[in-house]
Amino acid sequence: MSAGEAHKPPPYYAVWVGLLVLTIAEFFYAFVSTIPKVWIVIGLMAMAFLKALMVAVYYMHLKWEPKRLWLLAAAPIPLVMILIFVVLNEIF
Amino acid sequence: MTTQAMTAGRVPMPGMKVYNLKLGMWVFLLSEVMFFTGLIGSYIILRFAHPEHFANPGEVLNVNLTAINTFLLICSSVTMVKAYAAIQQGDQQGLKKWLLFTILMGASFVGVQVYEYIQLVGEGFVPMAELYAAGEAHGELIGGPLYGATFYTMTGFHGTHVSIGVGCLCFTYWRAAKGEYTADSLGGVEIMGLYWHFVDLVWIILFTIVYLI
Chain Y
1 MSAGEAHKPP PYYAVWVGLL VLTIAEFFYA FVSTIPKVWI VIGLMAMAFL
51 KALMVAVYYM HLKWEPKRLW LLAAAPIPLV MILIFVVLNE IF
Chain B
1 MTTQAMTAGR VPMPGMKVYN LKLGMWVFLL SEVMFFTGLI GSYIILRFAH
51 PEHFANPGEV LNVNLTAINT FLLICSSVTM VKAYAAIQQG DQQGLKKWLL
101 FTILMGASFV GVQVYEYIQL VGEGFVPMAE LYAAGEAHGE LIGGPLYGAT
151 FYTMTGFHGT HVSIGVGCLC FTYWRAAKGE YTADSLGGVE IMGLYWHFVD
201 LVWIILFTIV YLI
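Chain order of the listed sequences is Y and B.
For the first sequence, our numbering begins at 1 and goes up steadily by one.
For the second sequence, our numbering begins at 1 and goes up steadily by one.
Among the hints, erroneous ones may be present.
Said to hold, decoys possible - Simulated crosslink set (DSSO-like; lysine-lysine; CA at most 30 Å straight-line): (1) Y:K8 - B:K96; (2) B:K82 - Y:K63; (3) B:K17 - Y:K8; (4) Y:K63 - B:K96; (5) Y:K67 - B:K82; (6) B:K17 - Y:K67; (7) Y:K8 - B:K82.
Said to hold, decoys possible - If the Cβ cut is set under 8 Å, some of the chain Y residues that face chain B in the computed set are: (8) F31; (9) V41; (10) M45; (11) V55.
It should be emphasised that the hints constitute simulated quantities derived from the structure, not laboratory data.
Built from N, CA and C at the ideal position, the CB exists for glycine as well.
Produce the complete structure using the sequences and hints provided.
Rendered as structure tokens:
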């Protein structure tokens with residue numbers, strides 16, 4: 001965020017509550033025995049990525065950064081996807 | 001250093017519209033993304049390829065304790081942004097107060113992690129694969145050799161990052177105590193915040209993959 005740039009105060013406490021709620025939800029969801037393991041993994045990863053996105057967007061202030069920094073921040077995502085898919089390819 | 005000299009480095013570059021110090025921190029953090037992805041990728045492939053060497057996390061790890069630790073780190077993220085918000089308003093006391101809370105929670109996180117390691121090693125979950133190979137000579141070991149090695153590598157590297165962060169936070173606090181940050185010169189606090197939130201972000205992913213899945 002550029003210093004001195006005026007914008008609405010970020011919802012820091014709301015994000016904090018959201019992170020806590022998602023963490024508690026993850027904690028209990030992980031040990032539900034009636035749901036197939038694959039759905040547990042998908043649900044947990046979805047919640048984890050949502051939490052990570054909240055931290056990056058609001059706490060790291062990406063929301064108020066120039067679009068070029070968004071592009072820079074997104075740069076490793078394709079590389080991460082390649083790595084993950086290659087790894088998964090090794091397994092299956 | 002004069003305020004003019006300190007703010008000089010914060011002039012946005014024409015191409016990126018972001019000042020150099022922050023751009024440098026972002027590039028560093030992106031390299032860290034790849035570093036941790038490599039570690040997590042190794043864990044995933046080893047866990048799926050050799051399930052016999054991995055126990056279920058809930059059977060070996062103290063998930064309740066780590067959930068509390070996760071809570072601490074999330075709270076430290078909000079205190080860090082509050083420190084940044086305070087100095088944006090020129091509130092020196094607020095900056096020091098929130099930085100101190102962040103330091104305390106960061107240090108507590110490391111302390112709990114050390115306690116967890118001591119407990120786990122005591123129960124026979126060790127990081128060295130050769131100890132598992134040696135078998136009975138080292139008592140009854142749990143978890144599995146690959147599990148021990150990958151768990152301690154991932155959480156250990158993260159803990160090291162948190163420890164370095166706590167050290168840097170102390171330095172930031174020391175500078176804040178000397179009154180070196182103002183509403184016009186807060187680059188150091190912002191850069192520190194970026195690093196600290198990244199450490200939190202990585203833990204969010206690690207906690208899910210290592211402790212819950």
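Hints and how they fare:
| no. | hint | result |
| --- | --- | --- |
| 1 | Y:K8 - B:K96 | holds, 24 Å |
| 2 | B:K82 - Y:K63 | holds, 17 Å |
| 3 | B:K17 - Y:K8 | holds, 20 Å |
| 4 | Y:K63 - B:K96 | holds, 26 Å |
| 5 | Y:K67 - B:K82 | holds, 25 Å |
| 6 | B:K17 - Y:K67 | holds, 9 Å |
| 7 | Y:K8 - B:K82 | holds, 15 Å |
| 8 | F31 | holds, 7 Å |
| 9 | V41 | holds, 6 Å |
| 10 | M45 | holds, 7 Å |
| 11 | V55 | holds, 5 Å |
When the structure is compared with the earlier hints, no violation turns up for any of them.
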